[in-house]
Amino acid sequence: MKHVYLETFGCQMNVADTDRMELLLFHSGYTRTQHAEDADLILVNTCSIREKAEQKVYSLFGSFRPLKKQNPDLLFGLAGCLAQQEQEFLLKRMPFLDFIIGPDAVEDIPLAVDRVRREGRPLAWTEFDREKHYSIPVVAPVKPPGPSAFINIIKGCDKFCSFCVVPFTRGREKSREASEIYEEVRQLVDQGAREIILLGQNVNAYGKRGLEKPAAFHELLYGVAEIPGVERLRFTTSHPRDFTPETIRAFRDLDKLVNHLHLPVQSGNDRILDRMRRSHTVAEYMEQIDALKDAVPDIALSTDIIVGFPGETESEFEDTLRLMEKVGYSNSYMFAYSPRPNTPAALYEDSVPDEEKKRRLHATIELQSRLTDRLSQKFLDEEVEVLVESRTSRQNMTFKGRNPEYWMVIFSGGEDALQTGDLARVRVHSAQGHVLKGEYVSITAPATAVGL
Numbered sequence: 001m002k003h004v005y006l007e008t009f010g011c012q013m014n015v016a017d018t019d020r021m022e023l024l025l026f027h028s029g030y031t032r033t034q035h036a037e038d039a040d041l042i043l044v045n046t047c048s049i050r051e052k053a054e055q056k057v058y059s060l061f062g063s064f065r066p067l068k069k070q071n072p073d074l075l076f077g078l079a080g081c082l083a084q085q086e087q088e089f090l091l092k093r094m095p096f097l098d099f100i101i102g103p104d105a106v107e108d109i110p111l112a113v114d115r116v117r118r119e120g121r122p123l124a125w126t127e128f129d130r131e132k133h134y135s136i137p138v139v140a141p142v143k144p145p146g147p148s149a150f151i152n153i154i155k156g157c158d159k160f161c162s163f164c165v166v167p168f169t170r171g172r173e174k175s176r177e178a179s180e181i182y183e184e185v186r187q188l189v190d191q192g193a194r195e196i197i198l199l200g201q202n203v204n205a206y207g208k209r210g211l212e213k214p215a216a217f218h219e220l221l222y223g224v225a226e227i228p229g230v231e232r233l234r235f236t237t238s239h240p241r242d243f244t245p246e247t248i249r250a251f252r253d254l255d256k257l258v259n260h261l262h263l264p265v266q267s268g269n270d271r272i273l274d275r276m277r278r279s280h281t282v283a284e285y286m287e288q289i290d291a292l293k294d295a296v297p298d299i300a301l302s303t304d305i306i307v308g309f310p311g312e313t314e315s316e317f318e319d320t321l322r323l324m325e326k327v328g329y330s331n332s333y334m335f336a337y338s339p340r341p342n343t344p345a346a347l348y349e350d351s352v353p354d355e356e357k358k359r360r361l362h363a364t365i366e367l368q369s370r371l372t373d374r375l376s377q378k379f380l381d382e383e384v385e386v387l388v389e390s391r392t393s394r395q396n397m398t399f400k401g402r403n404p405e406y407w408m409v410i411f412s413g414g415e416d417a418l419q420t421g422d423l424a425r426v427r428v429h430s431a432q433g434h435v436l437k438g439e440y441v442s443i444t445a446p447a448t449a450v451g452l
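Going by full-length UniProt numbering, the letters in the sequence shown line up with residues 1 to 452, in that order.
Rather than coming from a laboratory, the hints here were simulated on the basis of the structure.
Treat the numbers as computed from the prediction; the structure is a model and nothing was measured.
The C-beta atom is built at its ideal place from N, Cα and C for all residues, glycine as well.
A few of these clues could be false.
[Said to hold, decoys possible] Here are the simulated BS3-like cross-link-like pairs (lysine-lysine), alpha carbons at most 30 Å apart as the crow flies:
no., residue 1, residue 2
1, LYS56, LYS69
2, LYS143, LYS326
3, LYS143, LYS208
4, LYS56, LYS132
5, LYS293, LYS378
6, LYS52, LYS358
7, LYS68, LYS56
8, LYS378, LYS56
9, LYS143, LYS92
10, LYS56, LYS159
11, LYS159, LYS143
12, LYS143, LYS400
13, LYS68, LYS132
14, LYS293, LYS92
15, LYS437, LYS378
16, LYS174, LYS213
17, LYS174, LYS326
18, LYS143, LYS293
19, LYS52, LYS69
20, LYS293, LYS326
21, LYS174, LYS256
22, LYS159, LYS52
23, LYS143, LYS2
24, LYS69, LYS132
25, LYS358, LYS159
26, LYS2, LYS69
27, LYS2, LYS92
28, LYS326, LYS358
29, LYS256, LYS358
30, LYS159, LYS132
31, LYS159, LYS213
32, LYS174, LYS52
33, LYS52, LYS256
34, LYS2, LYS56
[Unchecked claim] Computed beta-carbon distance windows for the label pairs:
no., residue 1, residue 2, range
35, LEU254, HIS133, 47 to 55 Å
36, PRO245, LYS326, 18 to 26 Å
37, SER442, GLU88, 21 to 29 Å
38, LYS92, SER442, 53 to 61 Å
39, PRO214, GLU356, 30 to 38 Å
40, PRO245, GLU183, 24 to 32 Å
Make the full structure from the sequences, and use the hints.
Right under this line is the structure:
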């Protein structure tokens with residue numbers, strides 16, 4: 001077989017897309033290698049939501065370029081949102097690229113590779129999928145999925161936030177049929193998965209478009225939770241406008257739906273939220289948070305924050321810090337604003353100086369660090385349930401995994417009792433950032449033999 005080297009930037013949907021391309025390429029004669037110098041095909045799946053991610057991609061391909069001199073038959077492919085955003089400009093900027101494909105062409109990756117090899121000229125495959133329905137055909141797996149498995153349930157986004165390129169790189173929202181999703185869940189569980197993570201750019205908008213048999217997002221949650229073998233259920237990423245009371249009730253009713261929610265707010269000021277076209281206010285966001293905390297008192301919350309958005313004043317920035325304090329996030333993904341091509345915000349005057357953006361970002365990171373440290377105290381000297389993901393190389397530690405609140409847990413002991421996919425009880429003795437450290441106590445439930 002030939003070898004493909006795969007690299008991924010960006011969100012969990014990109015990770016899932018890379019896994020899908022690895023599977024499709026395997027069935028067309030490629031096996032994955034961890035060494036770029038051994039590859040017949042180097043494929044990088046890209047993100048364009050931040051400028052920094054773009055620069056990393058350009059730098060990476062620059063480091064790969066000498067490999068073509070050693071192997072003239074080596075192909076370079078660039079996939080994902082950056083490919084969709086920049087399209088043929090990428091072939092001009094990096095003339096050593098052999099092809100680019102957008103997110104809607106993931107299923108066509110074997111055809112793209114074959115076409116480039118056959119025709120011997122660069123290819124840009126960035127047309128949007130015109131089908132009304134979103135489907136991911138079943139393909140025989142290459143390897144077990146691991147204890148946690150991602151499932152794309154919806155693609156695209158209809159929100160058109162002024163700072164975001166996703167509607168322009170992944171198109172409008174389309175949902176997969178619930179029956180197809182249930183079948184994939186059953187397949188993954190049969191292969192050893194214990195935790196199912198439902199994915200979408202706006203995952204809780206599921207069911208609004210593209211379904212022959214309508215189903216709401218909360219109905220899908222109940223359906224997945226009923227499938228035998230599913231031990232844990234998560235989803236990401238949500239939009240506040242589509243976060244419904246029925247979904248809050250699902251958190252209350254379903255033991256398998258873990259007590260963690262990632263709900264991006266972006267800013268704690270209404271004027272900035274309006275300029276961002278977020279279509280919700282701070283008060284509306286807090287109503288959802290309060291209702292969720294009433295239903296699930298120990299819910300862990302994480303979010304996305306953008307600082308230095310065009311026109312953001314110091315007092316408006318401080319509103320964001322106050323919101324973070326009020327909610328009490330266990331973790332946040334924090335960014336300084338950078339304009340993205342084709343977005344409305346790119347036309348705004350970028351009035352916040354770079355140094356000020358850096359200062360605000362640093363202050364936000366410091367606050368989140370304090371919030372995380374404060375929240376970690378509740379776990380000290382307590383037992384937590386951990387889904388064992390793998391061994392760890394951390395000194396004096398044996399395994400790593402996550403608790404239901406999505407904290408990483410590394411712990412010692414259990415060498416003779418545990419393996420990947422087990423659910424274990426761990427007593428926490430210390431914390432560092434968003435990582436809890438502890439000692440193995442007992443096994444809650446062993447993994448099935450299929451997943452080992």
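The hints, checked one at a time:
1. LYS56 x LYS69: Cα-Cα ~22 Å, so holds.
2. LYS143 x LYS326: It is violated: about 44 Å lies between the C-alpha atoms, which goes past 30 Å.
3. LYS143 x LYS208: Violated, at roughly 33 Å.
4. LYS56 x LYS132: The hint is violated at about 35 Å.
5. LYS293 x LYS378: OK: LYS293 and LYS378 at ~16 Å, within 30 Å.
6. LYS52 x LYS358: holds (14 Å)
7. LYS68 x LYS56: holds (20 Å)
8. LYS378 x LYS56: Measuring from Cα to Cα gives roughly 38 Å; hence the hint is violated.
9. LYS143 x LYS92: Outside the cut-off at roughly 37 Å; violated.
10. LYS56 x LYS159: Answer holds: LYS56 to LYS159 is near 28 Å, not above 30 Å.
11. LYS159 x LYS143: violated (36 Å)
12. LYS143 x LYS400: With a Cα-Cα distance of about 21 Å, the restraint between LYS143 and LYS400 holds, given a limit of 30 Å.
13. LYS68 x LYS132: Distance ~40 Å between LYS68 and LYS132 Cα, so the pair is violated.
14. LYS293 x LYS92: violated (52 Å)
15. LYS437 x LYS378: holds (13 Å)
16. LYS174 x LYS213: The hint holds at about 13 Å.
17. LYS174 x LYS326: With Cα atoms ~35 Å apart, LYS174 and LYS326 exceed 30 Å; violated.
18. LYS143 x LYS293: violated (39 Å)
19. LYS52 x LYS69: holds (28 Å)
20. LYS293 x LYS326: holds (12 Å)
21. LYS174 x LYS256: Holds, at about 26 Å.
22. LYS159 x LYS52: holds (24 Å)
23. LYS143 x LYS2: Within the cut-off at roughly 17 Å; holds.
24. LYS69 x LYS132: Roughly 44 Å between the alpha carbons, so the hint for LYS69 and LYS132 is violated.
25. LYS358 x LYS159: holds (28 Å)
26. LYS2 x LYS69: This hinted pair holds, its Cα atoms lying about 18 Å apart.
27. LYS2 x LYS92: Holds: LYS2 and LYS92 sit about 28 Å apart, inside 30 Å.
28. LYS326 x LYS358: holds (23 Å)
29. LYS256 x LYS358: Judged against 30 Å, a Cα distance of about 40 Å means the pair is violated.
30. LYS159 x LYS132: The hint holds at about 19 Å.
31. LYS159 x LYS213: holds (23 Å)
32. LYS174 x LYS52: holds (29 Å)
33. LYS52 x LYS256: Status violated; Cα separation ~37 Å.
34. LYS2 x LYS56: holds (27 Å)
35. LEU254 x HIS133: 47 to 55 Å: violated (27 Å)
36. PRO245 x LYS326: 18 to 26 Å: holds (21 Å)
37. SER442 x GLU88: 21 to 29 Å: About 58 Å separates the Cβ atoms of SER442 and GLU88, which means 21 to 29 Å is violated.
38. LYS92 x SER442: 53 to 61 Å: holds (60 Å)
39. PRO214 x GLU356: 30 to 38 Å: violated (48 Å)
40. PRO245 x GLU183: 24 to 32 Å: holds (29 Å)
The structure fails hints 2, 3, 4, 8, 9, 11, 13, 14, 17, 18, 24, 29, 33, 35, 37 and 39 (numbered hints given earlier, in ascending order).
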